[in-house]
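Protein chains in written order, with the numbering used here: chain X, 1 to 371; chain E, 1 to 493.
The hints are simulated quantities; they were obtained by calculation from the structure and are not laboratory data.
Misleading hints may appear alongside valid ones.
To be verified - For lysine to aspartate or glutamate, the following DMTMM-like pairs were computed, each having C-alpha atoms within a straight-line distance of at most 20 Å:
hint	chain 1	residue 1	chain 2	residue 2
1	X	Lys94	E	Glu229
2	X	Lys116	E	Glu411
3	X	Lys35	X	Asp278
4	E	Lys412	X	Glu253
5	X	Lys94	E	Asp235
6	X	Lys305	X	Glu223
7	E	Lys65	X	Asp58
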Amino acid sequence: MQKSWSHRMYSGVVVCSFFLLLTGFAIAAIGTPDKEISKSERRYYAQMPEWSLANVMDGSYMRDMEDYLLDQFVGRDSFRIAKTEIETSFFGKKDANNYVKVDDILFELDYDWSKKQVSKTAEEFAKLQKLHFSDVQVYYAVIPDKSSFLSEEEYPVGNGGFILTQLKEHLKEASYIDLYPYLSLQDYYKTDLHWKQESILDVAEVLLSQMRGTEWNRDNYTETLITSEFFGAYAGAAAYQTTPDELYGLTSEVIENAVVYDFESNKETSVYAPEKIDGTDAYDYYLWGARALLTMENPLCENGKKLLLFRDSFGSSIAPLLLEGYEEITLVDLRYMKADYLPQLLELSEYHDVLFLYSENILRNSGSLKF
Amino acid sequence: MTDEESMVLGQPLCLGGICMLFSSILFLYYFLPVVMLLYFAVPKKLKNTILFLASMFFYFWGEPKYSLLMVVSILTGYVGGIVVGRMQELEKNVFAKIVMVVTVAVLLGFLAIFKYIDFGISTVNGLVGSAIPLVKLALPIGISFYTFQILSYVVDVYRKDVEVEKNIINFGAYVVMFPQLIAGPIVRFSTVQQEMRERTIAVDKIAKGIGRFVMGLSKKVLIADLLGEFVAAMDLAPKNSAFLLWMVALAYAMQIYFDFSGYSDMAIGLGLMLGFHFPENFDYPYISRSITEFWRRWHMTLGGWFRDYVYIPLGGNRVSMFRWIRNVFVVWFLSGLWHGASWNFVLWGVYFGIILALEKLFLKSLLERLPKVLQHLYAIILVVISFVIFRLESIKAAGTFLAGMFGFGLEKTTDTVGISLGMYQFRNYVFLIGVSVVIALGIPKWILGKITEKTWGVTLKNIVAPVVYLVLMLVVTAFLIQSSVHPFLYFRF
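Using the sequences and the accompanying hints, generate a full structural model.
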């Protein structure tokens, strides 16, 4: 039977467009130099794997190749954003990959966590206190997760209460410092989970006044714009089209004169790390990002007081602001070192104050903390 | 969040050794164009060789360690077929039968070892309290499908329903042909033997195949995988609402339909591009008004296989009532077991066996007196319930879930996040669930049929369809770039 002109045209167009699409992207991918790092996803891209009989036979070569092709696909970032837009705009989903965008602010919905784990962590904190800090004043504070500012009517959020109850139950000998009244959504970056350093002067003030009773003068601090192109962790993970944040650094005479000692590299360094601004995470500007054990010394303070701060990444931006009240602050990140090692590295009896300062985010997923 | 934490985000996962899925960047943008280019470029007599080599590479990529098993299975079927055919030529029918039985036994032996041995051991351990250690062999991809294809060939040769294939490349290409290797349809040799020797490759057939492939790919990636996200997300929510449990069950029924029928569409589409006509595997099963009708529309090639190679040889329905009931149960027991080496699959098969027997005995005639809408509801409710048994890992879990669907034993929780999580996820996916139901009921197909009854409608379709395919390919690519690997549900069979 004679096919109509439109059918012949249809067949030709379908075949040509299909194979042009497939081969076009394949040739473009092969012809484009491989990228090593993705700033938007804040991770290293997979590189072309090398083959061997062993990795081919156990299938790992194939898996690595698949990863490589996915990572190096031409227009990857645009496709990721397109997917998020289609899911939220066309399919009517409120989140994409468990990330929500409300008024250009990104939130993570984290509901897959274990209550048992939170209880266990609170218990471990209590054990730590009993073992090493029974004679000093121990404080604890919880940093609200950004998602706790979302409507509980609309989103599955709001388990801060459970975390706090667990901590209060186990840390009966410690003093709780309530940070919730001092934080609002505007105190967090739009594209990241962290609080903004320039917005947490109130928090620093309440911590210092409760731990040290120190009078605190916020006029000592000046804001400096570090970058106006800060795309935070949520921007990379969520792949929403979004505008960048501005990242500021607070400086003062105390911060400028402070000396930071990094136990991992065995080196003295500065409070801020300008070279981290162009890395995978500009938030690493504050105290060099992920570090297991740091000590900050304040040569301008002579009160003889030392603070031991158990912290997560939120601690990097607030610790410099607490320095005003102490001669020395030691920062411990239990995600990167075991609490067991502390007596070997530090003279624990020297500390006057101990503060457990953790975000809800880390406490919910506190299986990463090492005791 | 630190560098180390961020590294995990967005990192694609590849589960097990199953890498070269149709719904993967590797297959779509590298394997497919290269193979098609080679296939179209070589002369006719080399096309099967290209097809065989490409298919072996496809299999090797996903299952390097079991490629030898594939070769041995091909050789077993090939040699078995030749010997059976030769015995028949020599009129040594008893020997032909013995060789056929031995070949079938060897092939079923492979299936038993690689798929069912641990099931057998754990059943024995459970029954007699022994502690025989499990063998823990990985399931070779597609073994249930390609074993059934080879079995049907050998039996068909014995029955003289099909000619012996003497060309090893042709036979090997039939068994390992990548479009239908992993999840069917189960293509019998008689269906494609002629096309293995002589087939035409034309632009309009390729275009038709592309259309079918793109629609299948979209069903899989844009509907089934997203519904799968809903089903998985609801596992985290408390089982405190019968309504939500029904929605999860419905979403899973839709997921498995779009996943499996999407795969079949892709296989049929790829077949057309290569010049083959594979049998249809699905015909809008969710519009059925009885379970008997459902099984005429669902996984049709498997149903046909069991009918022709198990049910009819057992005597079919032309036997006494007792033997007929036995036949039905044998077929559905085996059908359940074919789907998975677990007792819940057996229960799933037997569940359908009972309903089909009841329908045959009296239920169907009763149903036909009811309004059509009630007949549809009857069928869909029973099917949705069946997939609860199918999905959950244990009979106990399925029982708890089913009880919850009818309001029994629902969890009581005061966890407000948990309570809102269920409704939140439902609201998130309600549009998709609705779309999937509309498509599964064949409404878009009906509308398209009406439009293309008119000449202008055909012209309109011919103009719009290429754009739709292109857009769908780009959208699917966006979803594949971002997503983890979602293996086809039927891979485990």
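Fill in: Indices of hints not satisfied (ascending)
Hints 4, 6 contradicted; others consistent.
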